[in-house]
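Let the hints inform the model, and build the full structure from the sequences given.
There are 2 protein chains.
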Amino acid sequence: MATVTTKTGQVVDRANLDAMLRRRLFYTPAFEIYGGVSGLYDYGPPGCSLVNNIIDLWRKHFVLEEDMLEVDCTMLTPEEILKTSGHVEKFADWMCKDPKTGEIFRADHLVEEVLEARLKGDLEARGQEVVVDEAKEAKKKRKTKSKAVKLDDEVVKEYEETLAQIDNFDGPELEKIIAKYDIRNPTTGGNLLPPVAFNLMFQTSIGPSSNMPGYLRPETAQGQFLNFHKLLNFNQQSMPFASASIGKSFRNEISPRSSLLRVREFLMAEIEHYVDPEGGKKHARFEEIKDVEMAFLNRDVQLSGSTQTETMTISKAVETGMVDNETLGYFIARIQQFLLKLGIDPTKLRFRQHMANEMAHYAADCWDAEMLTSYGWVECVGCADRSAYDLTVHKNKTGAQLVVREPRAEPIKVEEWQVETNQKTFGPRFKKDGKTVAAALDALSQELREKLSLDLEKEGKIEVDVEGVGAGKVELDKNLVTIEKRTRVDHVREFTPNVIEPSFGIGRIFYSMIEHSYWYREGDEARGVLSFPPIIAPIKVLIVPLSNLADFRPLTQHLITRLRRAGISSRVDDSGASIGKRYARNDELGTPFGITVDFQSIKDKSFTLRDRDTTKQVRASEDEIVQALKAMVEGDETWEDIRKRLPEFTGQELE
Amino acid sequence: MATVTTKTGQVVDRANLDAMLRRRLFYTPAFEIYGGVSGLYDYGPPGCSLVNNIIDLWRKHFVLEEDMLEVDCTMLTPEEILKTSGHVEKFADWMCKDPKTGEIFRADHLVEEVLEARLKGDLEARGQEVVVDEAKEAKKKRKTKSKAVKLDDEVVKEYEETLAQIDNFDGPELEKIIAKYDIRNPTTGGNLLPPVAFNLMFQTSIGPSSNMPGYLRPETAQGQFLNFHKLLNFNQQSMPFASASIGKSFRNEISPRSSLLRVREFLMAEIEHYVDPEGGKKHARFEEIKDVEMAFLNRDVQLSGSTQTETMTISKAVETGMVDNETLGYFIARIQQFLLKLGIDPTKLRFRQHMANEMAHYAADCWDAEMLTSYGWVECVGCADRSAYDLTVHKNKTGAQLVVREPRAEPIKVEEWQVETNQKTFGPRFKKDGKTVAAALDALSQELREKLSLDLEKEGKIEVDVEGVGAGKVELDKNLVTIEKRTRVDHVREFTPNVIEPSFGIGRIFYSMIEHSYWYREGDEARGVLSFPPIIAPIKVLIVPLSNLADFRPLTQHLITRLRRAGISSRVDDSGASIGKRYARNDELGTPFGITVDFQSIKDKSFTLRDRDTTKQVRASEDEIVQALKAMVEGDETWEDIRKRLPEFTGQELE
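Chains B and P, in that order, give the protein sequences.
Its first residue numbered 1, the first sequence is counted upward by one per residue in UniProt numbering.
Its first residue numbered 1, the second sequence is counted upward by one per residue in UniProt numbering.
These aren't lab readings, by the way, just hints derived from the structure by calculation.
Only a predicted model underlies this, so the values are computations on that prediction, with no experimental measurement involved.
Don't take every hint at face value.
If several chains are the same, the list does not tell them apart, and a pair holds so long as it fits within one copy or across any two.
[Unchecked claim] Straight-line C-alpha distance at most 25 Å; calculated SDA-like pairs for lysine to any residue:
hint: 1; residue 1: K248; residue 2: E80
hint: 2; residue 1: K431; residue 2: T188
hint: 3; residue 1: K147; residue 2: T188
hint: 4; residue 1: K60; residue 2: R564
hint: 5; residue 1: K473; residue 2: F430
hint: 6; residue 1: K435; residue 2: E80
hint: 7; residue 1: K60; residue 2: V572
hint: 8; residue 1: K432; residue 2: D98
hint: 9; residue 1: K341; residue 2: T561
hint: 10; residue 1: K630; residue 2: I568
hint: 11; residue 1: K230; residue 2: A577
hint: 12; residue 1: K230; residue 2: I539
hint: 13; residue 1: K290; residue 2: T561
Take a look at the structure:
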């Protein structure tokens with residue numbers, strides 16, 4: 001992989017950038033005075049403000065623009081819900097423990113690390129040049145040293161094949177690989193215990209009696225699904241509609257790494273758009289975005305071993321069937337529009353389709369927005385068509401009617417196998433489990449109903465799977481239940497909506513956005529600049545009085561108030577530092593504009609306005625400057641527009 | 001206590017109000033289709049929007065207005081930090097378990113419930129009228145039935161005295177009371193186990209090896225304290241300054257009750273204002289709020305058994321010493337200003353001072369903003385002067401310099417006992433514990449140093465308490481440490497700032513605000529109205545086309561876009577319901593304004609604008625209406641102003 005460069009063509013030196021971000025308190029390791037905890041970070045003032053601005057824009061771009069129903073659901077989640085969703089069983093990574101040292105390794109990362117070190121050693125032994133993938137190296141927590149040992153050609157091939165598929169192995173497969181290639185603790189050489197599944201959810205207990213196990217949610221989605229019926233009512237039964245949620249989620253990573261990219265507590269923004277599965281999942285506003293061009297990396301290209309993206313319009317991508325449907329396509333294009341507003345570099349953005357084995361079995365299609373950073377391509381937004389899976393599993397578990405019912409224009413006749421319970425006997429027999437058993441019967445397929453009807457006829461009783469009741473099976477006899485083929489006139493169409501889910505990792509977007517905005521002014525010492533778009537910048541204007549003389553104070557105070565009233569955040573720096581130094585500090589904070597208050601200002605209330613990226617200045621009256629700032633901050637004008645309108649100030653840039 | 005009434009003098013019927021809030025999805029029990037979990041609620045679209053608007057205003061009123069440094073710290077918190085802060089030991093309630101049924105009772109609530117039921121039974125037996133405190137009843141989770149049994153006069157007095165002090169008993173005291181008065185499970189009459197402390201923090205484990213116990217934070221404050229030094233640097237060493245944080249916190253309540261008022265997961269907004277303890281804690285902007293009048297309920301009045309508030313200006317309250325200092329007073333006044341902007345009824349707001357035994361031992365003074373609701377007086381904001389406690393404990397534990405150092409104008413000479421460690425022997429002796437031991441030595445008082453110096457002289461060794469090292473005590477000899485009286489010229493003043501902490505429970509403010517805004521239009525069926533101030537209302541404008549005819553659509557769409565551009569959120573209701581019904585629905589959502597689109601609108605682009613509270617209407621051009629809305633939403637004009645400016649529309653209110 002080529003080294004990642006800034007917009008200005010400079011090499012991104014991550015150590016420098018990172019030091020700057022920490023110095024300026026964009027973020028900082030949490031609990032640092034207590035030694036810190038890996039994977040936990042705090043956001044300081046500029047980081048916090050940047051995140052708030054991202055969220056604000058997200059809300060405008062998605063929630064307000066499309067009248068989405070925003071909800072705020074609890075993070076604490078009882079176990080039962082996450083059992084139904086599949087998280088208790090499947091939301092896990094495989095880990096190996098060293099029984100001697102107690103060290104814990106994420107199994108797939110360990111295999112990767114060891115095999116890569118051996119391949120590197122092989123190249124060294126063969127006297128060949130070793131090309132280091134810096135992005136990959138950066139993600140590693142611990143560097144395993146390679147030894148120059150030559151491997152058989154056959155072994156090299158096996159290793160390479162294993163590494164190519166490393167994301168696809170389950171625990172038993174990883175166990176075999178570890179045994180086969182004799183993979184050990186890279187530091188001590190000690191043997192490891194076989195991989196065990198480690199659930200990535202933080203567990204806790206709700207209430208005082210510790211009989212209600214719960215977890216911190218791993219995503220915001222479940223709360224939205226559980227409220228589906230209430231939201232549909234709120235929306236006056238009108239379809240399609242979307243819910244949206246912004247909030248923290250949690251993953252107990254085995255070994256967090258890559259700074260803000262893999263953390264244990266993170267902010268997500270998720271949309272659940274509910275769409276009728278019939279009629280090809282059209283979208284009423286597709287027309288508005290149909291000509292948006294984007295870089296796609298589809299499944300077939302990836303299968304062929306290439307990472308070559310293809311640029312085309314979203315309408316072509318949907319027409320050719322590469323993107324499954326219009327609604328999914330609509331959101332993919334809207335995601336790109338959002339990311340570009342944030343200042344993401346379009347040349348470092350691609351949409352990668354999930355491979356068949358990457359997606360959940362129920363998903364119809366899934367695309368990730370990936371951003372190129374010094375860590376490599378980073379998945380920042382996922383956009384999946386999750387079919388009717390989520391609503392269906394919760395409906396089947398609880399019996400809640402998570403469906404849409406709409407009157408048919410023409411009633412239809414339906415022949416179907418109906419299951420009817422005997423009110424008199426059913427309730428007394430199952431008591432509090434009655435609802436669960438009834439829901440399980442309700443969820444039986446037509447085929448199974450037909451078969452059960454024959455069994456009931458023949459045996460006089462049947463057995464039905466009911467999770468959570470008795471031993472998971474329930475016996476029913478003719479006295480409890482009837483199963484018959486009947487004809488029903490159907491006036492109402494009932495369907496479970498499909499879900500299109502755009503899901504945003506705000507911390508990853510935050511980091512990628514910073515890298516894409518970063519460059520530095522050459523000089524004796526490189527001076528970092530963050531070229532955030534004005535709408536996103538933490539502070540919009542730095543006010544710089546020439547010195548900290550009392551004479552400047554009334555004017556400075558007046559400007560702050562005036563700008564605040566115009567909705568423009570500003571900060572004053574009246575420290576003794578040189579004007580150049582003060583601007584340099586604010587270049588690092590990404591402050592797009594600066595106002596200098598000088599002696600001329602005291603005389604005629606004119607000021608100079610400085611642009612961060614070009615360091616050019618104009619001089620104009622207070623009114624003109626406030627008006628120009630408002631126009632630029634709200635995105636109506638650019639600096640180029642302002643420069644043409646207002647007279648340039650060519651006084652020296654004071655260092 | 002008198003029944004609580006609305007601004008319009010109507011009795012608040014909480015059952016009705018609550019049904020309305022749930023129907024309109026302001027909030028809803030979380031996980032309801034799974035049976036729900038007490039103390040956990042989700043916010044639906046209007047609730048979410050209302051909370052966002054409260055937060056937005058909070059940020060403007062506090063953070064932006066005073067350049068506070070906003071931070072966002074993690075909720076996951078390692079145990080060590082919460083041990084230092086005292087939460088692991090002290091953040092607990094006392095609970096009793098029924099060994100037979102497994103039921104768990106919060107001990108103080110149980111005593112209260114049982115004694116009150118007995119007192120009620122006594123009154124019944126005496127044939128006296130029983131006055132029910134409805135607010136108190138409403139807070140109860142379970143109503144214990146009273147039996148008409150007469151008590152001795154002496155016993156009645158004892159019960160009453162016990163109840164008056166119920167908040168002050170610790171576990172052993174509650175145990176004695178339970179034994180003495182033979183308090184049992186009210187339902188079964190079974191005996192209970194003695195009270196045990198139940199820590200209210202949710203516990204979890206961070207990382208895969210479960211050797212790092214952690215908790216979900218019970219407040220946002222600790223993260224702010226731990227970052228003090230970094231924030232001081234960010235603020236270029238300038239004092240005073242404040243940090244601020246908005247985020248979820250968690251308390252594992254034993255038995256949550258009172259709906260949104262006592263929940264397990266809640267949004268907080270907290271400020272930590274750092275002030276120099278010397279010089280009387282003056283505040284530079286006190287002048288701006290000195291004439292704010294507020295209702296105080298001070299400590300002495302409470303001690304005398306009264307709840308009579310006294311109204312005076314904040315400057316008088318500070319001058320007389322009732323409020324400890326200017327900075328505390330400044331924030332108390334600012335809190336009131338904030339609450340009034342939200343629409344809190346000033347006649348239902350008081351500031352109650354904490355009793356000496358209510359405050360932490362280190363607090364200098366503490367006042368709660370309390371709001372009167374149908375649940376009684378509810379504590380919504382706390383404002384405490386926490387002295388130097390928090391920074392001091394973390395400094396002592398970690399050795400981090402959580403202090404301010406500023407140059408003295410005049411250097412001073414200081415005679416003091418200095419502790420010096422021997423570099424050569426100290427490190428090798430204590431290894432990784434060295435920092436902790438050194439911090440403990442550093443924290444020794446002058447008196448103790450003097451005593452230890454004598455001991456060291458006499459015995460050749462001393463013993464020092466060092467929490468967390470060995471058995472909590474460390475032995476030091478002359479070879480490791482020297483303690484001598486020396487004179488030092490001090491050029492730098494070093495001090496630990498005191499913390500003024502305004503702490504807002506957003507959910508409680510949210511609920512109180514709704515109750516204070518609630519009233520209903522009399523009629524065949526009472527129709528609820530929420531009179532939110534426009535700035536806070538979830539949606540500002542309802543657009544109501546006369547019918548759902550296609551003719552109205554372009555005009556409606558045009559209005560939406562126009563309003564969105566002006567930053568005004570709107571919603572269309574083109575359902576078939578009557579205009580009156582549609583407005584009624586939005587009265588319940590608190591939408592302050594309505595625009596009717598009728599046939600006249602198609603002709604001349606004029607519209608009627610309706611005011612929610614008066615139901616009066618004006619008719620004007622699109623430009624005039626948008627301009628009027630903007631002025632009202634931004635708080636520049638009121639409906640009364642608009643009514644005077646624009647012609648009234650006297651067409652019938654269409655039902």
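Structure-based check of each hint:
Taking identical chains as interchangeable, the C-alpha atoms of K248 and E80 lie at most 25 Å apart whether they share a chain (20 Å) or sit on different chains (23 Å). Taking the closest pair of Cα atoms, K431 and T188 come within 25 Å of each other only across two copies (23 Å); inside a single copy the shortest separation is 59 Å, beyond that limit. Proximity of K147 and T188 under a CA criterion of 25 Å is satisfied intra-copy only: 15 Å inside one chain copy versus 73 Å between copies. Proximity of K60 and R564 under a CA criterion of 25 Å is satisfied in both settings, with 21 Å inside one chain copy and 10 Å between copies.
Taking the closest pair of Cα atoms, K473 and F430 come within 25 Å of each other only inside a single copy of the chain (13 Å); across copies the shortest separation is 62 Å, beyond that limit. Only within a single protomer do K435 and E80 lie at most 25 Å apart by alpha-carbon distance; the minimum there is 16 Å, versus 46 Å between protomers. Taking the shortest alpha-carbon separations for K60 and V572, only the inter-copy value of 17 Å comes in at or below 25 Å, while the best intra-copy value is 29 Å. Taking the shortest Cα distances, K432 and D98 sit within 25 Å of each other only across copies (24 Å), while inside one copy they are farther apart (47 Å).
In this assembly of identical chains, K341 and T561 lie within 25 Å of each other by CA distance solely across copies; the values are 20 Å between and 28 Å within a copy. For the homomeric pair K630 and I568, the shortest alpha-carbon distances inside one copy (7 Å) and between copies (18 Å) are both at most 25 Å. When the C-alpha separation of K230 and A577 is checked against a cutoff of 25 Å, the pair qualifies only between copies, where the shortest distance is 20 Å, while the shortest distance within a copy is 58 Å. In this homomeric assembly, K230 and I539 come within 25 Å of each other (Cα to Cα) only across copies, at 19 Å, whereas the closest approach inside a single copy is 40 Å.
When the C-alpha separation of K290 and T561 is checked against a cutoff of 25 Å, the pair qualifies only between copies, where the shortest distance is 21 Å, while the shortest distance within a copy is 44 Å.
Violated hints are absent here; each numbered hint is respected by the structure.
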